[in-house]
Amino acid sequence: VTELLSWEGLLALFLGGLYGSLFGAIPGLTATLAVALFVPLAFFLDPIIALPAIIAISSVAIYAGDVGSTVARIPGTPASAAYVEEMYELARRKGPIYTLGLSAMGSAVGGVIGTVLLIVAATGIASIAAGFSSFEYFWVAVLGLTAGVFASGGSAIKASVSLLLGILFSTVGIDPTLGYPRFHFGSPTLLGGLNYVVAMIGLFGFSEVLTHLYRGRAGEPREVVTTGTRPAHHFYVQPVLLILRKRWLVFRSAMVGLFIGFLPGAGSDVASWVATSLQKMRKASDSDARDEETVLAGASSNNAAVASAWIPALSLGLPGDTVTAIVLSIFMMKGITPGPLLFQNEISLVWALYATFLISSLVLLPLFGFTTARLAAYVIRTPLNLLLCVIAGLCVVGAYSMNNNPFDVWIMAGMGLTAFILRVGGFPLAQVVLGMVLGPILEQNFMVSAIIAHWDLAVFFQRPIALLLMAATVVVVVVGMRSRLRFFRGGSTSP
Amino acid sequence: VKQLIGGIAVILLSMLVWFQSRTFPQLPDGHPGPGLFPGVVAVALFLCGAVLSASALWSPRPDRAETEGTPAPAAGGARIAAVLLALVLYPFASVAIGFVPTISITCFLVALLLKARPVPGAVTALGGTLVIYLLFTRVLGVPL
Chain G
1 VTELLSWEGL
11 LALFLGGLYG
21 SLFGAIPGLT
31 ATLAVALFVP
41 LAFFLDPIIA
51 LPAIIAISSV
61 AIYAGDVGST
71 VARIPGTPAS
81 AAYVEEMYEL
91 ARRKGPIYTL
101 GLSAMGSAVG
111 GVIGTVLLIV
121 AATGIASIAA
131 GFSSFEYFWV
141 AVLGLTAGVF
151 ASGGSAIKAS
161 VSLLLGILFS
171 TVGIDPTLGY
181 PRFHFGSPTL
191 LGGLNYVVAM
201 IGLFGFSEVL
211 THLYRGRAGE
221 PREVVTTGTR
231 PAHHFYVQPV
241 LLILRKRWLV
251 FRSAMVGLFI
261 GFLPGAGSDV
271 ASWVATSLQK
281 MRKASDSDAR
291 DEETVLAGAS
301 SNNAAVASAW
311 IPALSLGLPG
321 DTVTAIVLSI
331 FMMKGITPGP
341 LLFQNEISLV
351 WALYATFLIS
361 SLVLLPLFGF
371 TTARLAAYVI
381 RTPLNLLLCV
391 IAGLCVVGAY
401 SMNNNPFDVW
411 IMAGMGLTAF
421 ILRVGGFPLA
431 QVVLGMVLGP
441 ILEQNFMVSA
451 IIAHWDLAVF
461 FQRPIALLLM
471 AATVVVVVVG
481 MRSRLRFFRG
491 GSTSP
Chain P
1 VKQLIGGIAV
11 ILLSMLVWFQ
21 SRTFPQLPDG
31 HPGPGLFPGV
41 VAVALFLCGA
51 VLSASALWSP
61 RPDRAETEGT
71 PAPAAGGARI
81 AAVLLALVLY
91 PFASVAIGFV
101 PTISITCFLV
111 ALLLKARPVP
121 GAVTALGGTL
131 VIYLLFTRVL
141 GVPL
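As they're listed, the protein sequences go chains G and P.
Under my numbering, think of the first position of the first sequence as 1, with each following residue one higher.
Under my numbering, think of the first position of the second sequence as 1, with each following residue one higher.
Hints listed in this document are in silico derivations from the structure and should not be mistaken for laboratory results.
Bear in mind the structure is a predicted one, so any value in this text is a computation, not a measurement.
All C-beta atoms, glycine included, are put in the ideal place defined by N, C-alpha and C.
Just to be clear, a hint being listed does not mean it is correct.
If you want the footprint, here are the derived chain P segments under chain G, 3+ residues with CB under 8 Å [what the hints assert, rightly or not]:
hint : stretch
1    : 2-12
2    : 24-32
3    : 47-56
4    : 76-84
5    : 89-99
6    : 114-125
Far from chain P, some chain G residues (derived; all Cβ distances over 10 Å) [unchecked claim]:
hint : residue
7    : E8
8    : Y180
9    : G186
10   : Y214
11   : R282
12   : L388
13   : M447
14   : V475
15   : R482
Work out the full structure: start from the sequences and follow the hints.
Structure (structure tokens):
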């Protein structure tokens, strides 16, 4: 920890946070890509400097994914896509600095809760994660998808169509279980499947450009609330006061993030979707309160998941998400073996990681969060037609940069057109991304489980944790149906 | 009408997926193979499409404005087609005239179609492209 708090260590954390904030804020550049590009440098650094820098990159990049949502309704990361509409609308009503403050402070609190649990219960929790088989993962995916249908707020049937489209998109390419190519239409690029970051750029970013092109009204000024002369008050004080009032919501969402995050392969993307979907199903007094609560749920859950994804990585050597998978490879290169022995042999490294999580949540997120929020407040005032022309360029470059393949630009454009048609028809877009994220988890774990059980599907209902998850799914359906009935009785016509 | 068209489109898509998924092989022991999941998705899509169509036919009230889309002039479709065409040509133009000019021209086209004045549009398109290019290649080290 002393080494971490040296000037080299603090500089690495600061630069890591800056680098992560840039990557997260730009559509198409993910936390995973930021970490992957940092790997060559990490090999030459002391692990006590390199690994904390990676944590700083991923923590800040996950938060910075909300900047694009606020400015232009383009989520920077799949985790941010879960509450992109709420971020965008809230920024228009209450200003971008307040909205990003809510996200940053929620992320910070979620990160601290995740870190505390990482410190006190890493090995114990890892043993629970180790008890998860394909049956339990299947039910986690079912729970996430079910919550996603009822979370849409609009028509449940239209949300189901969006969700099914997303699942359908996820089936393009090589079948994850049996290795059979599907829906590739002879294209070698499609054999690898549809990259959901490219799809997300098209679905949210490019469709926004197409919508304004169709209307031809982008030259009109936008109404955006400005935050006046006290940006720090709007960024820090107001969100913290709200978090104190909504402490149970934040704690509950962080716990959902922790639970999903420590499951190997799930990570912050799935955590954010489940937490926001569950939150959206709850009754809110007005649209401001609903959007604020959803943003808080998403932000606190995804950063709690960033910390908890390290629990199986450190305790069992199993990656919780793609970032920890990259870090485990660095461990191996450095001759460090993750697992229970890590806590005996490399205890200084483990404590340095814990300290980094706390520094990231308590210092880096508020610091870079405020800087990016100030920047977003200027960008959001740019005339919309000029902003959209740059967004169009960013969509093309962001999609192309994923694989340096022009085909991805066409995929992005196709997704943008699909999203535009869905928007015109009143179908929600976020559920498409949810389907793309959870579809492969659902299919792979169903097929693996069914093959293991020799197609005796009763086994899906026999394991205790699986039964618990199934019961949670039933509760979600009942609560979702009740809230729909309430809408009906209240005179709403959008079941 | 919009909901009816949407429902019929979903039904047609589900049928396409269903027939395509039937061409995938089964497992050697006769159990479902790679076609199972797309097949289930197709059936679910068909049911959703049927419910959407039926509710559109039986519901006397017009669609509520659940969408952001509003009736637009036919020119809206032409503007979208122009930008999509530019993106179809992007890989070829990028090889022929280079990355920065291609993206700048695409951005400028979008600006003009969104009724920006030519000079601010050109400056924003070129400036934005250069910033994006330098940010990706020089600052973040992402190859383009």
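Check your understanding: Against chain G, does the stretch 2-12 of chain P show at least 3 residues with beta-carbon separation below 8 Å?
Key -> This one holds; 5 residues, not fewer than the three required, reach chain G with a Cβ under 8 Å.
Check your understanding: When you look at the beta carbon of Y214 (chain G), is every beta carbon of chain P farther off than 10 Å?
Key -> Given a closest Cβ separation of 4 Å, the condition is violated.
Check your understanding: Is it the case that G186 (chain G) keeps its Cβ farther than 10 Å from each residue Cβ in chain P?
Key -> At roughly 13 Å from the nearest Cβ of chain P, G186 (chain G) sits farther out than 10 Å, so the non-interface label holds.
Check your understanding: R482 (chain G) clear of chain P by more than 10 Å, beta carbon to beta carbon?
Key -> Correct as stated: the minimum Cβ-Cβ distance to chain P is 20 Å, above 10 Å.
Practice item. Against chain P, does V475 (chain G) hold up as non-interface, every C-beta pair farther apart than 10 Å? Key: holds (22 Å)
Review point. Are at least 3 residues of the stretch 24-32 of chain P within less than 8 Å of chain G when you compare beta carbons?
Key: This one holds; 4 residues, not fewer than the three required, reach chain G with a Cβ under 8 Å.
Review point. Taking 8 Å as the C-beta cutoff, is the stated coverage of the stretch 76-84 of chain P by chain G satisfied by three or more residues?
Key: holds (count 6)
Review point. Counting residues of the stretch 89-99 of chain P whose CB is closer than 8 Å to a CB in chain G, do you get three or more?
Key: It holds, with 3 qualifying residues against the three required.
Practice item. Run the C-beta distances from E8 (chain G) to all of chain P and say if the shortest one exceeds 10 Å. Key: holds (21 Å)
Exercise for review: Verify that the Cβ of M447 (chain G) lies farther than 10 Å from every Cβ atom of chain P, and report whether the claim holds or is violated.
Suggested key: violated (8 Å)
Exercise for review: Hey, is L388 (chain G) genuinely clear of chain P, shortest beta carbon separation above 10 Å?
Suggested key: violated (6 Å)
Practice item. Between the stretch 114-125 of chain P and chain G, see if three or more residues pass the 8 Å beta-carbon test, and mark the coverage as holds or violated. Key: Holds, because 7 residues of the stretch 114-125 of chain P bring their Cβ atoms closer than 8 Å to Cβ atoms of chain G.
Hints 8, 10, 12 and 13, counting from the list given before, are not met by this structure.
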